[in-house]
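Enquirer: So the protein sequences, as listed, match chains H and D.
Under this note's numbering, the first sequence has 162 at position 162, and the numbering climbs by one with no breaks.
Under this note's numbering, the second sequence has 276 at position 276, and the numbering climbs by one with no breaks.
Accuracy of the hints is not assured; some may be wrong.
When chains are identical, the list treats them as one kind, so a pair holds in a single copy or across two.
[Stated by the list, open to error] Here are the simulated EDC-like pairs of lysine to aspartate or glutamate, each with C-alpha atoms no more than 20 Å apart in a straight line:
| # | residue 1 | residue 2 |
| --- | --- | --- |
| 1 | K393 | E260 |
| 2 | K325 | E93 |
| 3 | K153 | D133 |
| 4 | K393 | D79 |
| 5 | K215 | E230 |
| 6 | K138 | D267 |
| 7 | K138 | D261 |
| 8 | K256 | E356 |
| 9 | K327 | E50 |
| 10 | K78 | E61 |
| 11 | K393 | D89 |
| 12 | K153 | D79 |
| 13 | K171 | D261 |
| 14 | K325 | D75 |
| 15 | K352 | D300 |
| 16 | K78 | D68 |
Just so you know, these hints were derived from the structure itself, not from any lab.
There are 2 protein chains.
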Amino acid sequence: MRQTLLFILLIVVSVSGTCLAQSVQIPVVEDFKPASTNQPGRQYPQVNSEGRVRASISAPEAQRVQLDISAVKYDLVKDTSGVWTGDSDPQDEGFHYYQLWIDGAAVPDPASLYFYGASRWGSGIEIPAKDQDFYALKNVPHGQIREHLYFSKSNNSMRRCFVYTPPGYNKDTTKRYPVLYLQHGGGEDETGWSNQGRTNLIMDNLIAEGKAKAKPFIIVMDNGTWRWPENVPRPRRGERPSGPWPPAGWADGFKKTLLEDIIPMIDANYRTLADQPHRAMAGLSMGGMQTRVITLANPDVFSHVGIFSGGSISMDDVDNSPGFKEKVKLVFVSYGSRELENRRMGFGGDPKANTEALKEASINTHFYVSPNTAHEWQSWRRSLHEFAPFLFKD
Amino acid sequence: MRQTLLFILLIVVSVSGTCLAQSVQIPVVEDFKPASTNQPGRQYPQVNSEGRVRASISAPEAQRVQLDISAVKYDLVKDTSGVWTGDSDPQDEGFHYYQLWIDGAAVPDPASLYFYGASRWGSGIEIPAKDQDFYALKNVPHGQIREHLYFSKSNNSMRRCFVYTPPGYNKDTTKRYPVLYLQHGGGEDETGWSNQGRTNLIMDNLIAEGKAKAKPFIIVMDNGTWRWPENVPRPRRGERPSGPWPPAGWADGFKKTLLEDIIPMIDANYRTLADQPHRAMAGLSMGGMQTRVITLANPDVFSHVGIFSGGSISMDDVDNSPGFKEKVKLVFVSYGSRELENRRMGFGGDPKANTEALKEASINTHFYVSPNTAHEWQSWRRSLHEFAPFLFKD
């Protein structure tokens, strides 16, 4: 009886699907407010309590205007004054890149702030999160984000990194600090962790909660964008690579820059504790893959490892890295829950099984899952917030 | 005879003007190169040796696309693949804000970097200048730009400033430095002087040339945006103000923030020489007007004054500011040459005459004119470059 009812219901739904979609509109909750990522004084885009984005732009001569967010395009509707407005479906809490389409042109929303991601400077929007307090700007002691220009011998060029120095760094000029090297993802750059990631606010707030929460340390955010290795045949444009992906040696360029240029430069210019026990590396997505490759190859250099949405470390990996088991004090692996649901596991196999195996081998390992988020910044803000308290405490 | 010829010529020109404009096209020099202000990897916009900007964007369904730069709109032309391309007239050397219009929508160019000016984050483009070497990124010792978050009592809110610390600041932690408070113009913010102004590179290069060029000092760049004073009647929207412009007391809010919050915060957090002989203030346009008002009211606080495209100081001003003549060691005034040609003199009367009068009264005064530039960033980069060597040398 129950199965028959379900069967009938399925037929009704499938037959009348199109009709339903047009006639039974889900009501939108009309409590939209300007996004915190808007340019000063701008009323749009707005976000409501469901996490819907309402975009609006004046384009009186346009034929079609769309909001493009999370890989879905939503048609905006024109009013009599030539202003187009429309809503997206509910979005995950946290930060999202988006853009507008105006008569076939993909452009940034002129009302939003801009962020570097998806290989371009473009619009971003903040969907208020239940846990947003941990990355809120508060009246607590603040560290600084410093733009640091330096010459890289291994690249024979000037480069830029951003360096977070914790609160108090300028006061007591004798104190030395551990260092975390923190890498962005593919299509992002050295601005990602401070602009989208809110690294400084996450750390300032943690440190303000007291030493039980997190020890103060320096964070270095450099550009890990990689070029195709010269000794590996490059697939033709539009073709899928025939060999392994990413190609062998893909992380070598940044590994060389990090070990030969960045770390010595940081140790020479900041009051660091310049040894393996006080040096960590972490990264998100591509930056997590780089962290995995570089720390496995250099257990003498890094003691604490964080891989956010970028794979995990297996016992095979550990067995092939002499000294890793003895010298590395922490392996932290994290994912957004939706990544695990979609089986987007990344490199190194099942992250949960890998973590369990490392634990059984007495390696200090943590596995964190960000609830109801995908391969996106809210997963990585939370990952940093969970990771930081484990650092440099052993 | 000569006059008759001229007369005939004028008739010919005026009669056939429209026809001439259409048929005799001035040839465009085809040596366009991608602008240095493009997003990574973008081929457009481009600039040629005449200073023309060539913009290009894919907008296959659009009816009209325009490049909008220096208050002039230029029509782009569509090719068979739906890409619109077109050129501007030659622009002044240096930095310019611009935007695109797509079927009536004003949007940033998705291919450019973004800057805050004209009261919005939007596109900017660099026209290579003959003297661009003085603000080029070179392999010399570099200072840092630090993002500094702080609580302002007088505003009861968190605020942000950017602080330039000179090369060497992190090495010798006993050395103390003079401070320049450097203000942006109207519709700009605390990011202007480092992003568009290239303040850090100008100073790094000057300092690298040796002490004869410029002494190292700290530069503080805060947000001087002002609100209409509460005790002055506000003109209705669209109406011109009936009283004096700007209204009396317009600079009081920032003056209070600067004197009560910013200066004490900087002196508490940086190794400053915290006295009048080692404290300067300068600004461009609105920031120059603020500098004029604030330094005239506080000759006990500031010893060196720079006003770039923002008026000048007259002997009347000096006579009404007790102590100014004795205590202030430098009054520097500058303009772009095109501003003087257009008689855009600003506040305080004729800047050249005022400067001469101050000189005659034995006040150390300099008047600088930036060649072939208007009310724009190239005038202000050059002004800082001319101003800095005079600072803190007496």
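Enquirer: Between the shortest in-copy and the shortest cross-copy C-alpha distance, which are at most 20 Å for K171 and D261: within, between, both, or neither?
Expert: Result: close only across copies, 18 Å inter versus 28 Å intra.
Enquirer: My question is about K327 and E50: at a cut-off of 20 Å on alpha-carbon distance, are they close within one copy, between copies, both, or neither?
Expert: Neither. Shortest intra-copy (47 Å) and inter-copy (61 Å) distances fail the 20 Å Cα cut-off.
Enquirer: Between the shortest in-copy and the shortest cross-copy C-alpha distance, which are at most 20 Å for K153 and D133: within, between, both, or neither?
Expert: neither (42 Å within a copy, 22 Å between copies)
Enquirer: How would you classify K325 and D75 at a CA-CA limit of 20 Å: within, between, both, or neither?
Expert: neither (54 Å within a copy, 65 Å between copies)
Enquirer: Given a CA cutoff of 20 Å, do K325 and E93 count as a within-copy pair, a between-copy pair, both, or neither?
Expert: For K325 and E93, neither the intra-copy (37 Å) nor the inter-copy (59 Å) Cα distance is at most 20 Å.
Enquirer: Have a look at K393 and E260 and pick one of within, between, both or neither, based on CA distance no larger than 20 Å.
Expert: neither (27 Å within a copy, 40 Å between copies)
Enquirer: Please work out whether the CA atoms of K393 and D89 approach to 20 Å or closer within one copy, between two copies, in both situations, or in neither?
Expert: Close neither inside one copy (43 Å) nor across copies (62 Å); limit 20 Å.
Enquirer: Pop the pair K215 and E230 into one bin, within, between, both or neither, using alpha-carbon distances up to 20 Å.
Expert: neither (41 Å within a copy, 46 Å between copies)
Enquirer: At most 20 Å between C-alpha atoms: does K138 with D261 qualify within a copy, between copies, both, or neither?
Expert: between (35 Å within a copy, 17 Å between copies)
Enquirer: Tell me, please, which holds for K78 and E61 at an alpha-carbon limit of 20 Å: within, between, both or neither?
Expert: both (10 Å within a copy, 17 Å between copies)
Enquirer: Regarding K393 and D79, is the shortest C-alpha distance of 20 Å or less found within a copy, between copies, in both, or in neither?
Expert: Classified as neither; 59 Å inside a copy, 62 Å across copies.
Enquirer: Indicate which option fits the pair K256, E356 if close means a Cα-Cα distance not exceeding 20 Å: within, between, both or neither.
Expert: neither (32 Å within a copy, 59 Å between copies)
Checked against the numbered hints above, the structure breaks hints 1, 2, 3, 4, 5, 6, 8, 9, 11, 12, 14 and 15 and satisfies the rest.
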